[in-house]
Amino acid sequence: MRFTVTRRGREESAFAVRFSGQVRAYLNRCAHVPIELDWQHGEFFDHSKLYLVCATHGALYAPESGQCLGGRCHGKGLTPLDVEERDGAVYYLDSD
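In this note's numbering, the protein residues as written are 22 to 117.
Simulated from the structure, these hints should not be mistaken for lab results.
It should be emphasised that the depicted structure is a prediction, and the values quoted were computed from it without experimental measurement.
Hints may contain errors.
Below 20 Å or equal to it, Euclidean Cα-Cα: the simulated SDA-like pairs (lysine to any residue) are [stated by the list, open to error]:
1. K97 <-> G42
2. K97 <-> A110
3. K70 <-> S86
4. K97 <-> G30
5. K97 <-> T77
6. K97 <-> H62
7. K97 <-> V54
8. K97 <-> L114
9. K97 <-> G109
Hey, can you work out the whole structure from these sequences and the hints?
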């Protein structure tokens with residue numbers, strides 16, 4: 022799911038995914054080059070549904086941590102965002 026957050030006075034694209042029953046959220050920005058990850062609007066997983074993938078360069082990220090697992094991200098991970106799931110909804114916890 023894509024959404025927009027305001028960080029340091031700037032609007033930025035973000036996304037949330039559910040993996041192994043947990044919701045995780047990240048800025049929608051590849052660690053290699055600051056471009057959006059989704060290969061189709063709101064689609065972040067590779068075909069196996071095990072990894073988040075950058076549609077432009079093929080970098081793979083662990084959905085549970087945002088850690089770079091391979092490709093041009095060279096060990097840099099995604100920027101995590103704090104979210105909370107309650108009463109069937111997911112809320113962004115703004116830390117600014």
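Hint-by-hint comparison with the structure:
Simply put, K97 and G42 have alpha-carbon atoms about 25 Å apart, too far for the 20 Å limit, and the pair is violated. For the hint pairing K97 with A110, the CA-to-CA distance comes to about 30 Å; that exceeds 20 Å, so the pair is violated. Between K70 and S86 the CA atoms are separated by roughly 15 Å; this keeps the pair inside 20 Å, and the hint holds. Distance check on the hinted pair: K97 and G30 sit about 24 Å apart at the alpha-carbon level, beyond 20 Å; violated.
Pair hint K97 plus T77 holds up; C-alpha atoms about 16 Å apart against a cutoff of 20 Å. Of the pairs offered as hints, the one joining K97 and H62 is violated, with about 23 Å between alpha carbons and a cut-off of 20 Å exceeded. Only pairs whose Cα atoms come within 20 Å are accepted, and K97 paired with V54 is accepted, the gap being roughly 11 Å. As the CA atoms of K97 and L114 are separated by approximately 23 Å, the hinted pair breaks the 20 Å bound.
At most 20 Å may separate the alpha-carbon atoms for a hinted pair to count; K97 and G109 exceed this at roughly 32 Å.
In summary, the structure is inconsistent with hints 1, 2, 4, 6, 8, 9 from the numbered list given earlier, while agreeing with the others.
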